[in-house]
Amino acid sequence: MIIIGENIHIISKAVSEAMYKREPQHIQELALAQVDVDYIDLNLGPARKNPAEVMQWLVNTVQEASDLPLSLDTMNHIAMEAGLKLCKKRPLLNSASGRTDSKELMLPLAKKYSIDVVISVLTDIGCPPDVDSRIESIIDTVTYANELGIPNEDIWVDPILLPVSVDQRQVMEVLEFVKILPELLPGVKSVIGLSNVSNGTPQPLRGILNRTYMVMLAKSGQYSVIADALDEELIRLNRGELPNIVDLIYGVMDEENLELSGLSQKERDYVKTARVLMGGEIYSHAWLEV
Amino acid sequence: MIYHPPIEVYAGRVREVVLGRGNKALKIGGENILPLHLFEGSVANPPRFALEVYDVEPADWPDWLLEPFGEVVSDPVNWARKCVNDFGAEAICLQLESTDPAGEAVSAEQAAALVKKVNDALDVPLIVYGTGDEKADVRVLSKVAEVCDSENLLLGPLLKENYEEIGKVALEHGHSVIAQSPVDINLMKELNIKLCKSFPANKIVIDPVSSGLGYGMEYSFTIIERAKQLAVIFKDGMMQMPIIANLGGECWKTKEAKAGREQGILWEAITATSLLLAGANILVLRHPESYKLVKEIVSG
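Protein sequences appear in the order of chains A and B.
Counting with my numbering, you get residues 1 to 290 for the letters of the first sequence.
Counting with my numbering, you get residues 291 to 590 for the letters of the second sequence.
Simulated from the structure, these hints should not be mistaken for lab results.
Treat each hint with caution, since some may be false.
Subject to a maximum C-alpha distance of 20 angstroms in a straight line, what follows is the list of computed PhoX-like cross-link-like pairs (lysine-lysine) [what the hints assert, rightly or not]:
hint, chain 1, residue 1, chain 2, residue 2
1, A, K272, B, K484
2, B, K458, B, K433
3, B, K484, B, K425
4, B, K487, B, K525
5, B, K525, B, K493
6, A, K189, A, K179
7, B, K525, A, K272
8, B, K406, A, K272
9, B, K407, B, K433
A few chain B residues that face chain A, going by a derived Cβ cut-off under 7 angstroms, partial list only [said to hold, decoys possible]:
hint, residue
10, N476
11, K479
12, K484
Note that the structure is a prediction, hence the values are computed from the model and not measured.
Just so you know, even glycine gets a beta-carbon here, dropped at the ideal spot from N, CA and C.
Let the sequences and hints guide you as you build the complete structure.
What follows is the structure, encoded as structure tokens:
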């Protein structure tokens, strides 16, 4: 699966400080640390002050340290365009959506610079509540993008994943969405903010949720994830270096009757996590302790 | 051709929990059907009702709430007796309001002595609620557990901050406990999982926090409903504890309930009936008239 490293994110205090003070060191270290990814995401957040200037500084700073293509992540179209202009490699515009402002301001940028663009299922009224309304929204927006001249091959669809601690049901529904996407919109790619699944979960437990869900997405045909590039086990899983774990997770998805007693602690934890993510067990922060 | 209605058979069963001991013993829970799906099986035990008693004379209750009790509102032992003898309470819920560290801060010893007096005077089981102060409740409920050794009181609330300490003492002295989480199914399950590591699951009752009508009752309803579905349909062992709806206090603190006698009684009765429909196994009410109303509905 294609991995977009999420670690240069405004939500990190150190990152936000470095951006504010224009200190390149921490940002460049983070860029270099994300060695095993395919893109580096630069998340600016709302970027209220000098958005264009901050984005340009960020793009230049990262490109000085890394040759990887960039994923520019901001809701601000001025910052977006300022950044796109400076990208040395074909970047990913992250993201557009079915919101009116996004259709009018973001999607035309993807066309103008002829680049890949993430389109999420968000609309003017927010995140669609179920699979059917997600489908309805994405078909509308992709059709709109096609009419602008953006081909399906340049479109990365994001179904918007909510945390398992917030809405356990939609975690499975997103897998359904991913599975049927190629039939709905042939040629489009899929992308997802993987760490969202564990938002709200205590920090030490987040990784296994992210990793397990990544494997589940892979089985469902997912093309790419925006993920924690510093999670070594996640990278190893993605490289196919942990086939026993992958088999166990697939086993849960195929409703095989898995016997926990012969498994190691780590294997058991993956099985329990997959069961929770499949909705077989109601989620609680203590899911590994049962 | 004879019509056979489709009957669901569920995999799970809510645990039966015993309150009190000996002749006082009262069982709650034990059902293997969803609430009111009487056509699909039988309830092991009907919903039960406790009336509230306070350890300190209420200061801000409207007249129509004080009137049924008369003089006994300053005498918890006789207040409890009256609830049983005159109003037919199946259990008493003693609220230890005076132990609130921000209020009178009555000592744990004093509170425990009162609990023992009330319990000794009753021939129905006793539920004891601390104030919900996570630190004070450890002191107070631990002392209560010790002084009322092996009486199998139902003690609570146990919160995520203090379940280990109170649970340990409650178990040592043979009591049952109430695990309380703030209207959240995931936190409810987490607390049950953690508590069950050191406390028997068949001595735990869930308090999902029961808000009054107009003040979030529908959230409490949903949580109770989901917990029952998970327990009965999905056989989730950490959801199979009976549920207590401690709603009297929540209803009577609303301005609507304080606005008039009839409205207040209905406010409490409607909240109780709704949570009963959601699946509550034992309900704590305050006014004898609302209890009477709900009891009539249950008895058909």
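Which hints from the list above does the structure break, by number from lowest to highest?
-> 8
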